[in-house]
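S.K.: Dock chain one against chain two, each of which comes alone in its own frame, and use the hints as you go.
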Amino acid sequence: MTPPTDRCSHRTLRWWVVAFVFLLIAMRSALQPLTLILAVTCCLWRFWAIQHPMRLPGRQWMSVLTLACLVPATLFLVPLGLQTLLANLLVLTASLKFLESRRSEDLQHLSLLGYFLGGVALLFDQSIPQTVLVGMGALMLSGGLMALQMPGKAWTHQLRIAAQLLIGSLPLLVALFLLAPRLPPLWSLPSPGQASTGLSDSVRPGDIAKLSLSQALAFRARFEGPRPNQQDLYWRAIVHEQFDGQGWLNHPMRSSLEQVVVLPSQGTGQAYEVIAEPSVQRWLFSLTPSRPLSDGLRIHSDYTIDSATPLHQQLAYQAEYYPNFPVSRGLAALERAINLEYPRGVNPRTEALAAELRQRYPTPGERVQAGLAWIKQRPFRYTLQPPLLGAAPIDDFLFKTQAGFCEHFASSFSALMRAAGVPARVISGYQGGEYNTSGGHFSVRQADAHAWSEVWLPKQGWIRVDPTALVAPDRIEQGLADALDQPDQQLLAAANLATPLQRLPGVVQLQQLAAAIDFRWTTWVLNYGTAQQQAWLQKLFGQTSALLQASVLMGSILVIGGGVVVLLRLRDRPLATDPTLQRYQQILRWLDRRGYGRQPTETPTDYAQRVGAMMPLLAEPLQVITHLYLQGRYSRTQDMANHHAAQRLHQEFRRLRRLPISSPSAGTPNR
Amino acid sequence: MRRNVFILPTPFGFLWVLTAIALYLLGSNYANNPALLMSFLLLGMFLLSIAPSYANLSGLRLEALPGDTGFAEQPLCFRLLLRSDRPRASLGIAWITDTETDAIRLGMPRGSCQCELWMTPQQRGRLRPGPVQLSSTYPLGLFRCWTYIQPAWEALVYPKPERCLIPSTATGLGPEAAEGTATVGVETLAGLRPHLPGEPLTRVSWKHVARGQGWYTKQFEEIQKASLWLRFDRTPGQDREHRLRHLCWQVLQCAQTQTPFGLVLGAQVFQPTVGTAHMKACLQALALFEGVDSP
Numbered sequence: 001m002t003p004p005t006d007r008c009s010h011r012t013l014r015w016w017v018v019a020f021v022f023l024l025i026a027m028r029s030a031l032q033p034l035t036l037i038l039a040v041t042c043c044l045w046r047f048w049a050i051q052h053p054m055r056l057p058g059r060q061w062m063s064v065l066t067l068a069c070l071v072p073a074t075l076f077l078v079p080l081g082l083q084t085l086l087a088n089l090l091v092l093t094a095s096l097k098f099l100e101s102r103r104s105e106d107l108q109h110l111s112l113l114g115y116f117l118g119g120v121a122l123l124f125d126q127s128i129p130q131t132v133l134v135g136m137g138a139l140m141l142s143g144g145l146m147a148l149q150m151p152g153k154a155w156t157h158q159l160r161i162a163a164q165l166l167i168g169s170l171p172l173l174v175a176l177f178l179l180a181p182r183l184p185p186l187w188s189l190p191s192p193g194q195a196s197t198g199l200s201d202s203v204r205p206g207d208i209a210k211l212s213l214s215q216a217l218a219f220r221a222r223f224e225g226p227r228p229n230q231q232d233l234y235w236r237a238i239v240h241e242q243f244d245g246q247g248w249l250n251h252p253m254r255s256s257l258e259q260v261v262v263l264p265s266q267g268t269g270q271a272y273e274v275i276a277e278p279s280v281q282r283w284l285f286s287l288t289p290s291r292p293l294s295d296g297l298r299i300h301s302d303y304t305i306d307s308a309t310p311l312h313q314q315l316a317y318q319a320e321y322y323p324n325f326p327v328s329r330g331l332a333a334l335e336r337a338i339n340l341e342y343p344r345g346v347n348p349r350t351e352a353l354a355a356e357l358r359q360r361y362p363t364p365g366e367r368v369q370a371g372l373a374w375i376k377q378r379p380f381r382y383t384l385q386p387p388l389l390g391a392a393p394i395d396d397f398l399f400k401t402q403a404g405f406c407e408h409f410a411s412s413f414s415a416l417m418r419a420a421g422v423p424a425r426v427i428s429g430y431q432g433g434e435y436n437t438s439g440g441h442f443s444v445r446q447a448d449a450h451a452w453s454e455v456w457l458p459k460q461g462w463i464r465v466d467p468t469a470l471v472a473p474d475r476i477e478q479g480l481a482d483a484l485d486q487p488d489q490q491l492l493a494a495a496n497l498a499t500p501l502q503r504l505p506g507v508v509q510l511q512q513l514a515a516a517i518d519f520r521w522t523t524w525v526l527n528y529g530t531a532q533q534q535a536w537l538q539k540l541f542g543q544t545s546a547l548l549q550a551s552v553l554m555g556s557i558l559v560i561g562g563g564v565v566v567l568l569r570l571r572d573r574p575l576a577t578d579p580t581l582q583r584y585q586q587i588l589r590w591l592d593r594r595g596y597g598r599q600p601t602e603t604p605t606d607y608a609q610r611v612g613a614m615m616p617l618l619a620e621p622l623q624v625i626t627h628l629y630l631q632g633r634y635s636r637t638q639d640m641a642n643h644h645a646a647q648r649l650h651q652e653f654r655r656l657r658r659l660p661i662s663s664p665s666a667g668t669p670n671r
Numbered sequence: 001m002r003r004n005v006f007i008l009p010t011p012f013g014f015l016w017v018l019t020a021i022a023l024y025l026l027g028s029n030y031a032n033n034p035a036l037l038m039s040f041l042l043l044g045m046f047l048l049s050i051a052p053s054y055a056n057l058s059g060l061r062l063e064a065l066p067g068d069t070g071f072a073e074q075p076l077c078f079r080l081l082l083r084s085d086r087p088r089a090s091l092g093i094a095w096i097t098d099t100e101t102d103a104i105r106l107g108m109p110r111g112s113c114q115c116e117l118w119m120t121p122q123q124r125g126r127l128r129p130g131p132v133q134l135s136s137t138y139p140l141g142l143f144r145c146w147t148y149i150q151p152a153w154e155a156l157v158y159p160k161p162e163r164c165l166i167p168s169t170a171t172g173l174g175p176e177a178a179e180g181t182a183t184v185g186v187e188t189l190a191g192l193r194p195h196l197p198g199e200p201l202t203r204v205s206w207k208h209v210a211r212g213q214g215w216y217t218k219q220f221e222e223i224q225k226a227s228l229w230l231r232f233d234r235t236p237g238q239d240r241e242h243r244l245r246h247l248c249w250q251v252l253q254c255a256q257t258q259t260p261f262g263l264v265l266g267a268q269v270f271q272p273t274v275g276t277a278h279m280k281a282c283l284q285a286l287a288l289f290e291g292v293d294s295p
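Chains A and B are the protein sequences, given in the same order. Going left to right, the first sequence walks through residues 1 to 671 as the working numbering numbers them. Going left to right, the second sequence walks through residues 1 to 295 as the working numbering numbers them.
Pulled out of the complex, with its shape left as it was, chain B reads as follows (with noise of 0.2 angstroms):
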């Protein structure tokens, strides 16, 4: 992919030539020509450093490492990978809205480098970010090199979730109603008893075998938890977004309690269970609801 590389000086640089033609001026007027040599080493060195900080960009490939999750206005991290095959210094990474002030600035040696770029997203939804802007003043500072890229990044923003009352068992009315309150068995740590030679290693206690207290099994027993169900069109809420966040915060809550819950969301029907990959299907299901506000 070719992308185009763009190259002027910086503010320093036409300083740089402002002090070269003072110093040509100096040594013309006194006749001096190590004056004058040192005016022309000024502008070899500002002729120069062009291809230098054009080299100090080419060739980097950039590839944008899988965006992570998070909730609306909360710092989100995109992660870049560099991969170079020479020494590079001091590149700046930044976006291209906040290209003055949230650069970041690192040098990275032959090989691959991670870096990380942080944004808080407003809205919920699917993200995709940038573009970047790639930027550099090497070697003297002399000219500014940069770039812009936009990489691939796809993360997933959540809805902010706002506190609210989560509905009791009693008054959720899922498509089970008739059968009565749904339960769903939920295993947990029960306790612990001695370990038998040729039970299997995933059910013991290893912190016990790690303080030399002995060989434990865990027992889990299942326990019946009664079911939640949420529901969109029965969530409080102003606005669709605002009903979104209120539901978010329920399902974190379910999920923190280990409460079985079931979500009712438009068209989309989760059926109750503990676990978190349920409370993530969920969270993404809220996160990309493209559903109309029901009255």
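If we strip away everything but chain A, and leave its shape as in the complex, we get (with noise of 0.2 angstroms):
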């Protein structure tokens, strides 16, 4: 019998010590240096053990170990939130288990830690190659699992039958994920402390010019019918309507505003689908104006679209668009005034302008026109790298240097606008996106981050106004890298520096392709929860209920669960019997019926030399016969040269027994 110490052996152990890599790869994104240090120290540490158990650590020193790393990993970690804390807390504890380990039963419970490992990592990372590393893991922890059972056996035996087993599980896996019911969330969701990046509450000069350099995906979308224009993509996420004179922010009176929202019917619209990064915020992204389709979504007066709770995964929600429908048409007192404040002195100059606008033109709406005749008729310039601004950014802007990026001309005409008497606001989010043809969908980046100007006008209500548009129409039309001027670019490019490497052509379609499954595995494996389940039991069966649900997820488990006992069966029954041998016996038995039997010690060439000197009248025949059954002895049950010999070996016999075969004459004894 193997004594215990040498099921851990190297041969053995190393299962676990390459599930581990797999495993730390994956939680790279909340590994501690020093928890990488120590787990790399433990593994080292147990191989040079193998041969001399006496050089491990016992029970008392184990113990002081185990505290003397995970008390003070607690107490640094726990600012960082609570699952990085869990994962750092894992990968400890599983290194000491490493350790420690000297049974079988060490390394099976080191097997299940190291699952929940997996588990944990695919909380910091969901998508396809976070969790093909995992799986990775998950099959190395089985094959150790298979070399415990079977520890003679080649590592690749151990390998193939450990995966064998995972590919069996996953008809099950796919009944229990597509039925088994979702519990909702049992504690409250930690911060996890990322920074949050994207848009913020306030605008001000420089702001949307910063996110221009980051590629980060902000969001995804798709359209159910004909995709929009590009130039209509303009993503609503933040309302900006208090103006301190510098820039513009949230209105604190906005929440307390009991506007109502007025919409279309539901089912008259351009449905969308949207799936949202995590981002820590609340906003979401909409087209104006959108009804909220899918549950945790709240529409606020000011008709964007947010979630109940922050964003700390991704979110996919569904919208309907209505094109042309007029936002607001009817504007409440309160609302009116708010979009009216106007700090007067902070930019003179601008305010003589919008005194000069009022006066010449007196309805609101031919002051919009002549506020957008007069930005078009200067020479203002698009860049990301305009000159700075003094104490009076908007008479710096439109007069002095007439140099900036969309914030600069949104709020600068919102100003304009509002010291005119039109009421006015800031509107910022994303513009555009692009458009991926495998997928199906925009992918709307960081670098697609968007100002404009939004004003109200009678009859109408607010409508959008853009003045980036009048400037830089590529913008609008195209993107922005093909917007911006050779300097900005080559900033891009520095800030990017995956743009050469895209210039090749098969690389981009090969991103794209990506692109397209990752959307895929988004929407139908990561976003795929109670509300997907309920809505194909409803097309499938006309009805929801638990018990139907219950009754059909252990329906499908019975079914697979007799699929397998069947393949199992079929797998171990014995072999069919050769067909090339059973033909051949029924001839001999024929023959023997006949007085020609085969001595047992015979071989069949003798046999048929035998018989064919007893009766010529049967040499030829048994001859081929004999041929034919060799041939197909020697080729495997399976084959199909078997079974050709089969059925020829069938043919001679009919026309053996066609053949006028008296039996042997009493001279030639039948021994």
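None of these hints come from the bench; they were simulated from the model. Just so you know, these numbers come straight off a predicted model, no measurement behind them. Check before you lean on any hint, since a few could be wrong.
Lysine to any residue pairs mimicking SDA-like chemistry, simulated, CA-CA at most 20 angstroms apart [to be verified]:
(1) 97/A - 54/A
(2) 153/A - 87/B
(3) 400/A - 377/A
(4) 153/A - 92/B
(5) 97/A - 10/A
(6) 376/A - 365/A
(7) 459/A - 332/A
(8) 153/A - 110/B
(9) 153/A - 90/B
(10) 160/B - 121/B
(11) 153/A - 108/B
(12) 153/A - 115/B
(13) 97/A - 60/A
(14) 97/A - 12/B
(15) 153/A - 9/A
(16) 160/B - 288/B
(17) 153/A - 112/B
M.R.: Set out below in structure tokens:
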């Protein structure tokens, strides 16, 4: 009997080491350097001690070591968030467990720790590559458990059986995934300590320009019907109604406004789906005006849509867009007042221009057109690196520098309009997006962040006005990269080192394909939840109830279990009898009945010769039969050659039966 | 022969399910589907490994190989022949009384395989050990599958030899006492003489041939050795078993020194002679003796 310590030979232990490597790579975003060092040290120590178990620390030392590692870790890591703390503690526990593992039970428990570690790693990153990494880790852990069961076998054999088991579990996995109920969150989500990038509550000169350097994904969107034009994709996120002379902010009184949101009836608009990346914030992205269709979404009186809980993970939601539907045709007095607030004296030249507009153009509509025309006539420049603005930023921008990014234009135009007595505000969000033809979806990145104006005109409601479109129409029609001049493009290129690589033809296609696969993964797998379960149960069975779900699940498990049992029986059934042998034996039996039986010790060839000598009529047929038999016998049962030989043997047999054979004469004794 | 095969989760199997539940709670709470997938994978593997566990034991044929003979309080080997039409892994075989400690664990390829189980009988006589427990935790150690078999072993256990005095030939009073001391002719090797062609080859000393020293024929001569009578009722001992143990030792000593001996055991009488067959017959009689203790 192999003594227990022999189980922990390096051939067995290496399974866990390889599993660890995969899992540690999967945990890379949460793993602290010290934890990693400790994990590696424990692995090396364990290997060094394989030949000499005495070198491993004893019980007391292990307890001391455990306390020495876990207590400081807990204290240091609590500020980093619950998930990070959990991840690091798990890695430490697993490393220490590995260090003290001597028996098979220890290694089995280590496997369980490993599987749990894999699950925790998936909390940090849900993408396909991460899932593959954790899957490989799980495969290695299973291989290790196999190695405990059959230590003598080669690792390839152990791996193969483990892989078979994993793949065999896939039907059950799919059934459970589709049908098992999901519990609602049991405890509140912690703050993972991510820094939020992206839009913010305030828009000041330079805010949006900062974002233009980031290619990070903000959200993805897919339209049910025909996709809108690039220039119509204004994704509303935040509305800024408070102007302090420098920049624009969320107005504190907005939340107390009791404005009613008026939308057409559901089903008359264009449906679309958005998958927002985690941002730690609440705001969501929509085309104006849209009706939110998913649970957990709220629409506000300024027609922004947000989520009830902050986005710590990806969120997928549906909405319906009604192009050309007016927004807030009737404006409440409070809202009007808010949007006309203008701090006097900060930007005198702007106020003078506004007064001029107010005098010359009686209707607000004309004033808006005049304002736009004024901008168009002047040599404004769209650039990422404008000259700095002074204490009167709007004045400096409109009259002095005349160069800036979208937030400058929007901010200044809205300020001008307010000063001219037209309710105006700044909207920040995203504009455009990259269309992925394989996936059929738009990818909107931080670089697509945009700010634009909205003005309120009687009978039309809030109208979008984008001064940037006047100055740099390419920005709206094609995207940021095409609208900038040379120095800015260099700046972009420096920030995004991937750009030269992207010039290669195949790379772009591959990236698009990868993005499309990721999109499918996100919609089908990551966002599959209770709502989707109910939806397809409804479609399939016409009703949804807990009982139905449970019975379909049990039914699937039974069916799959039955399938597994049947497959195992088929695999293990005794090999089908060789058809060639069957036919040959049939012929032998027939000949035996006629008195030409084969002696037990005779080879087929000798037998054929003997009988041929006894009865010349049989000589040639028997030769053919023997030849066919030998041919078929030396191929495997499943081979076609065998079956062909069997078929031809049958034909020869039929011919044989028609021959006039008489029993051997008494003279030739049949021994 | 249909055997009952039992299958139950091991403690590790219960822990496995707990881990799966923990992952399910983790995934549910954070609405993280890949973590839920991990949980369902574990559950799937758990449910799936029932069938291979059962299949690892089903269809295995066991045959008891003929038992050895041995002495009481000495380890005795029992061989089992396992026959299988497919490879099996991690089979545990143990006496039913010793399932925790003494399991043999073996894997076997397609075909047949022998394994040995050892036990130390405490008493003499015919031994039919068993039953044997056949168990397996294949493939992942989540389920333990076991069954009980009673192989048709039969072993003969001789009494434990206990040292005592051997009676001299003079005191032995056998039925032939009236004729005087009986003697038995014993053939012993007397010497070698050169081999003549034509002489039977069975008597050639092959050792010398192998060493290249030439061909010699072994010569035997019969010497008359005085035979010894061993009697149950004359053997000292506290009780029947004690006497049998003394007799056993005596038989072994005689056989070792090639002294011809006869045995009187109750109604059984074994005529004096030498040889392994005689020794075995006597030992067997000693092992199976059921006679009453004589005063």
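S.K.: Confirm or reject each hint.
M.R.: Hint check:
no.: 1; hint: 97/A - 54/A; in the structure: holds (16 angstroms)
no.: 2; hint: 153/A - 87/B; in the structure: holds (12 angstroms)
no.: 3; hint: 400/A - 377/A; in the structure: holds (15 angstroms)
no.: 4; hint: 153/A - 92/B; in the structure: holds (17 angstroms)
no.: 5; hint: 97/A - 10/A; in the structure: holds (16 angstroms)
no.: 6; hint: 376/A - 365/A; in the structure: holds (17 angstroms)
no.: 7; hint: 459/A - 332/A; in the structure: holds (14 angstroms)
no.: 8; hint: 153/A - 110/B; in the structure: holds (14 angstroms)
no.: 9; hint: 153/A - 90/B; in the structure: holds (11 angstroms)
no.: 10; hint: 160/B - 121/B; in the structure: holds (10 angstroms)
no.: 11; hint: 153/A - 108/B; in the structure: holds (11 angstroms)
no.: 12; hint: 153/A - 115/B; in the structure: holds (19 angstroms)
no.: 13; hint: 97/A - 60/A; in the structure: holds (14 angstroms)
no.: 14; hint: 97/A - 12/B; in the structure: holds (16 angstroms)
no.: 15; hint: 153/A - 9/A; in the structure: holds (13 angstroms)
no.: 16; hint: 160/B - 288/B; in the structure: holds (13 angstroms)
no.: 17; hint: 153/A - 112/B; in the structure: holds (18 angstroms)
Figure legend: structure checked against the earlier numbered hints; every hint is met.
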